[in-house]
Amino acid sequence: MLKMTPLNQTHRDMNAKMVDFGGWDMPLHYGSQLDEHHKVRQDAGMFDVSHMLPVDIKGDNVRDFLRRLVANNVDKLTLPGKALYSCMLTPQAGIIDDLIIYFLSETWFRIVVNAGTADKDVAWMLKKRDEWAPDLEITPRRDLAMVAVQGPNARAKVWQVIPNSQSATEELKQFQSAVVGQYFIARTGYTGEDGFEIILPAADAPAFWKALYAAGVAPAGLGARDTLRLEAGMNLYGQDMDETKNPLESGLAWTVDLKSERDFIGKQALSDTVVTHQLVGLVLVDRGVLRSHQQVAGQKDDVEYSGEITSGGFSPTMNQSIALARVPTQITIGDEVNVIVRDKKLRAKVVKYPFVRNGKVLV
Amino acid sequence: MSIPTHLKYSKSHEWVKSEADGTVTVGITHHAQELLGDMVFIELPEVGRVLKQKEECAVAESVKAAADVYSPISGEVTAVNSPLVDEPGKINEDAYSAWLFKLKPSNTAELDGLMDATAYNELVENEDH
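As you go down the protein sequences, you meet chains A and B in turn. Residue numbers for the first sequence, in our numbering: 1 to 363. Residue numbers for the second sequence, in our numbering: 1 to 129.
Each hint should be verified, as a subset may be incorrect.
Not everything, but these chain A residues come out facing chain B in the computed CB check (under 7 Å) [claimed, not checked]: (1) 32; (2) 33; (3) 223.
If you are wondering where the hints come from, they were derived from the structure by calculation, not from laboratory data. No experiment lies behind these values; they were computed from the predicted model shown. For each residue, glycine too, the CB sits at the ideal point set by N, CA and C.
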């Protein structure tokens, strides 16, 4: 039996093409994935991301617990409402999940984790809680829904729909959040566009979705979500990284704090790591489409190299194929590499990602 | 969308139209493009290539996946719809006018082995269930 979000019937009423996404019955698109992609880049689109899980951690010294639990440093969170992107690692520095931590108060942090990893994440957090801080209260919030509204006009449309939200959220910077009545509104997203991710009570989600639709926000499915995040150069858990990969070879060194005195799970393993691979961007030069698991192969300075595309696809904004690939560190930006596509060698240029941000092509 | 009755169909979701000059025109069905989603890349066979029935001869890639196109019958490629390469979305707009290639059949008996609209409709409906 597939799991359903509070918006399941709403998607069906809007003629969504539904797919099994890691055990969740989710909308792939509502007609055209390409149209939805462009709508987000040019105007405003909304995604049901209620399959992701908010986890509330409450009690004394939550911050101290998180200092040890995750690879980024929660001491960067000084202003209430501020958010931090981080990996949660195994002792071997494999990535258990990537997540966003919201600092609400010293006694209340909220962590949003991926859908596919939610159960193991919560189990891991509870295990560490029992070891380190048995008094902390850890609560998975399946009673909440989550809607991402993204695009250059996304914020203005949200302000039309949620009473009194403009004054409370207009001054928010990227990665800041505010609570407005029953709405938790964060200026975050997974598309490379401006916008909000909004957490609200599950029962209110259908009416909120319909109000956004009436305000001109286009429903967008997982298909567009994937092409948007790929253009934005954002990692997808399970594809660009997993427990067999560490953040340093996944383009996530910037999310790891090795400098502070603080110890965290995976720190020792990361410090001992010799980095041999990196995540780079590829833009296909020849005609075709790059897809995940295609092999990158060739020779540079008489040394053979091989790598693998972790996420590939067609970029609707660039009208050509792009990819993220894990390749040896001998490959540098500007190189041309070969990708084996359907038994043919196609040429691709190595670029620094993101490919697209705020509607503009950067590569 | 109803399935055109003047065409024939293969199990691998190609449509075939017999032309007055003895050639046949080949494309992929509405059902196939619906399964694939927005088309973004098309690779066509070379004119002059001799194809066997069920031979892989073209590629249709969507935002979601790559699909092989198989030749519904044996024959020589006499023409390809080159403008389609720059506008793969035409297949989504109207799969039955966005043809891929034309063949000069080498064994017209193979045409009789293809499905008519009724049989193809049954195939599609059985797939959906």
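Checked hints:
no., hint, result
1, 32, "holds, 6 Å"
2, 33, "holds, 5 Å"
3, 223, "holds, 6 Å"
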